[in-house]
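For this one, chain A is given, so just place chain B on it according to the hints.
Chains as they are written, first to last, in my numbering: chain A, 1 to 257; chain B, 1 to 257.
It should be emphasised that the hints constitute simulated quantities derived from the structure, not laboratory data.
Model, not experiment: these values are computed from the prediction.
Where a beta carbon is used, it is the ideal one built from N, C-alpha and C, also for glycine.
Some hints could be false.
Selected chain B positions facing chain A (in silico; Cβ < 8 Å) [claimed, not checked]:
1) 38
2) 42
3) 45
4) 46
5) 49
6) 180
Beta-carbon label-pair distances, calculated as ranges [what the hints assert, rightly or not]:
7) 129/A with 167/B: 34 to 40 Å
8) 226/B with 24/A: 41 to 47 Å
9) 223/B with 18/A: 53 to 59 Å
10) 97/B with 13/A: 54 to 60 Å
11) 179/A with 3/B: 46 to 52 Å
12) 167/B with 179/A: 27 to 33 Å
13) 5/A with 56/B: 55 to 61 Å
14) 179/B with 235/A: 31 to 37 Å
15) 51/A with 236/B: 39 to 45 Å
16) 250/A with 167/B: 34 to 40 Å
A partial selection of chain A residues facing chain B, derived with a Cβ cut-off under 7 Å [claimed, not checked]:
17) 39
18) 42
19) 43
20) 44
21) 45
22) 46
23) 50
24) 51
25) 185
26) 189
27) 190
28) 195
29) 196
30) 197
31) 200
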Amino acid sequence: MRATLNVAVAVGWRMLHNNFTTPSLLIPGLAFPLFFFTAFAGGLSRVNDIPGFQFPVGYTAFQFVFVLLQSAAFAGVFTGFGIVRDFESGFIRRLMLAAPDRRGILLGYALGALGRWSFTAIVLTAVALAAGMEVGGNGVDLFALYALAVIVNACGLFWSAGIAMRLRTLQAAPLMQLPIFLCLFFAPVFVPLGLLANWLQFLAHLNPVTLLLEAGRSLIAGTPTHVTYAFGAAFCLAALFFVWAVRGLRKAEAAGS
Amino acid sequence: MSLAAQVLSLARRSVIRTIRQPANWITPLIFPLALMAVNTGGLDRATDLPGFPSDSFLAFFLAFPFIQGALFATVNAGVDLARDIQTGFLNRLSLTPMRGAALLFGHLGGVIVMGFAQAVWYLTVGLLVGVSIASGALGALVIFLLAVLIVLAFGSFGALAALRTGSTEAVHSLFPVFFVFLFISSMNLPRNLIETDWFRIAASLNPVSYLIEAIRSLIIVGWDPEALALGFGTAILLAIIGLTLSSLSLRSRMART
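Extracted from the complex, chain A is given alone in its bound form (with noise of 0.2 Å):
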């Protein structure tokens, strides 16, 4: 245990260090959830005034939920790029080589993605605060809501790496992030789900990123609804995951990469 623990905090620290270090790394990170904070939260505030649209606290907050779980599940799979990066130069393999247990090896990837997203966060809110954003929920409430949004964090890591590790080419990329996209936005992005034109309330239904968003937005609102309903659907993706990445490492093994 205390093996894997030492793998997972030097390749954490690594994936930090580079993350912090390479502009070009960190700036993308950054800058799209602003981005798209700016110009959802900014250009469609009207849509508040909507007949039948009724968020309590108001469409910054309302955005803010969905800006703030793009951002960690992103995370989780601009991290996936670095492990793709790791293997076309080579150094997951002499990392394979000196890790007594290569489990630390994706483990430490998730907390590298944990301490990119955890500053990204704070930015994001520090940004939404200053927009005058309103929050109605008490700090279990918030406590519950980034918790709920480090778990999508982990969901986007290990989808992310399991697609790494099995193919192992950058030219995987689209495939780690398009799921996750299209995942993000046939869910009630822009309004509630009451509120979706018909075919899409019905894909958004099926979808568990819909559940996520709902409940994160009611505890921003202090009106906590389906949260454990989304916290369980987020623990059932992470484990699935999880164990999807696993299999993508001794994949990975198999390889001999």
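Showing chain B alone in chain A's frame:
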């Protein structure tokens, strides 16, 4: 070989090259329409806002794919030109009697062909899903003309980036910048319905808003001389600036080689 023959020859090469890279033409055909579907599904009820200029959000939003498709075509073409520089094709070409203007216009000719094909595709899909063009068949022709002008304008900036940097990565990195211009515009709501002051000002200063509004006016309003004058004027101005700067960059690039 006359200048026209040189331009035709290079335009043909540019088109064939794009056709041989399916990702370069499938993405601009599919992705803007997918985003249109998601936004339309999510913001359909925005038509209930007082003052919204159309009772169909799909018709309102149909202008968006034309602009996003132009961005894709531009970046892909810029990348191809940068690759020509990286692989030394431009160096070899500069040893032939080929004129610089032929290189630039041949390259842009290929982009225009792709832009026109995309415009036909977007309008066809729009008509198939029930959008009617308020300005009629003549308006559709004007939409194609404006779409081609927009592709020429954006394409000249893609060429400028390629000629200035000679790097495919640098041209790729332009895409997010273009994307910012697209999102901070009146693409989702008319400017008079944008509630946030700074966003409305930014959208009013953004030339992309006028390009979108000109195409949109032909679809949902009919013949709106002001919107058309602003749209065509913006596209022509951008094209002149882009072509002038690209020509200057090409001259120094050819001189260096």
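Hint-by-hint comparison with the structure:
The interface hint given for residue 38/B holds, since its Cβ lies 5 Å from the closest Cβ of chain A, which is under the 8 Å cut-off. The restraint placing residue 42/B at the interface with chain A holds, with a minimum CB-CB distance near 4 Å, inside the 8 Å limit. A hinted interface residue such as residue 45/B counts as satisfied when its beta carbon comes closer than 8 Å to some beta carbon of chain A; here the least separation is about 5 Å, so the hint holds. Among the interface hints, the one on residue 46/B holds; its C-beta lies about 6 Å from the nearest C-beta in chain A, closer than the 8 Å criterion.
Below 8 Å, beta-carbon pairs count as interface contacts, and residue 49/B has one with chain A at about 6 Å; its hint therefore holds. For the restraint placing residue 180/B at the interface with chain A, the shortest Cβ-Cβ distance is roughly 6 Å, inside the 8 Å limit, so the hint holds. One distance hint, 34 to 40 Å for the beta-carbon pair residue 129/A and residue 167/B, holds here, with the actual separation near 39 Å. As the Cβ distance of residue 226/B to residue 24/A is approximately 42 Å, the hint placing it in 41 to 47 Å holds.
Residue 223/B and residue 18/A have their C-beta atoms about 56 Å apart, which keeps the hinted 53 to 59 Å range intact. With their beta carbons about 59 Å apart, residue 97/B and residue 13/A fall inside the hinted range of 54 to 60 Å. For the pair residue 179/A and residue 3/B, the supplied restraint of 46 to 52 Å holds, since their beta-carbon distance comes to about 48 Å. For residue 167/B and residue 179/A, the Cβ-Cβ distance of about 30 Å falls inside the hinted range of 27 to 33 Å, so the restraint holds.
Take residue 5/A and residue 56/B: their Cβ atoms lie about 57 Å apart, and the range 55 to 61 Å holds. Between residue 179/B and residue 235/A the C-beta distance comes to about 34 Å, which sits within the given range of 31 to 37 Å. Separation of residue 51/A from residue 236/B is about 41 Å and conforms to the stated range, judged on CB atoms against 39 to 45 Å. Restraint check, residue 250/A to residue 167/B: a C-beta distance of roughly 38 Å satisfies the suggested window 34 to 40 Å.
Taking 7 Å as the C-beta contact cut-off toward chain B, the hint placing residue 39/A at the interface holds, the least distance being around 4 Å. Nearest Cβ of chain B to the Cβ of residue 42/A: about 4 Å, under the 7 Å cut. The hint holds. For residue 43/A, the suggested interface contact is upheld, since its CB lies about 5 Å from the closest CB of chain B, less than 7 Å. Nearest Cβ of chain B to the Cβ of residue 44/A: about 6 Å, under the 7 Å cut. The hint holds.
A distance limit of 7 Å between C-beta atoms decides the matter here; for residue 45/A the minimum to chain B is near 4 Å, and the interface restraint holds. For residue 46/A, the shortest C-beta to C-beta distance to chain B is roughly 5 Å, which falls under 7 Å, so the interface hint holds. A hinted interface residue such as residue 50/A counts as satisfied when its beta carbon comes closer than 7 Å to some beta carbon of chain B; here the least separation is about 5 Å, so the hint holds. This hint holds: residue 51/A has a C-beta 5 Å from the nearest C-beta of chain B, less than the 7 Å allowed.
Nearest Cβ of chain B to the Cβ of residue 185/A: about 5 Å, under the 7 Å cut. The hint holds. Here the hint on residue 189/A is kept, as its CB sits about 5 Å from the closest CB of chain B, short of 7 Å. A least Cβ separation of about 4 Å between residue 190/A and chain B falls short of the 7 Å threshold, and the interface hint therefore holds. Hint status for residue 195/A: holds, given a least beta-carbon distance of 5 Å to chain B, under 7 Å.
Using the Cβ-Cβ criterion of 7 Å, the hint placing residue 196/A at the interface with chain B is satisfied: the shortest such distance is roughly 6 Å. Using the Cβ-Cβ criterion of 7 Å, the hint placing residue 197/A at the interface with chain B is satisfied: the shortest such distance is roughly 4 Å. Nearest Cβ of chain B to the Cβ of residue 200/A: about 3 Å, under the 7 Å cut. The hint holds.
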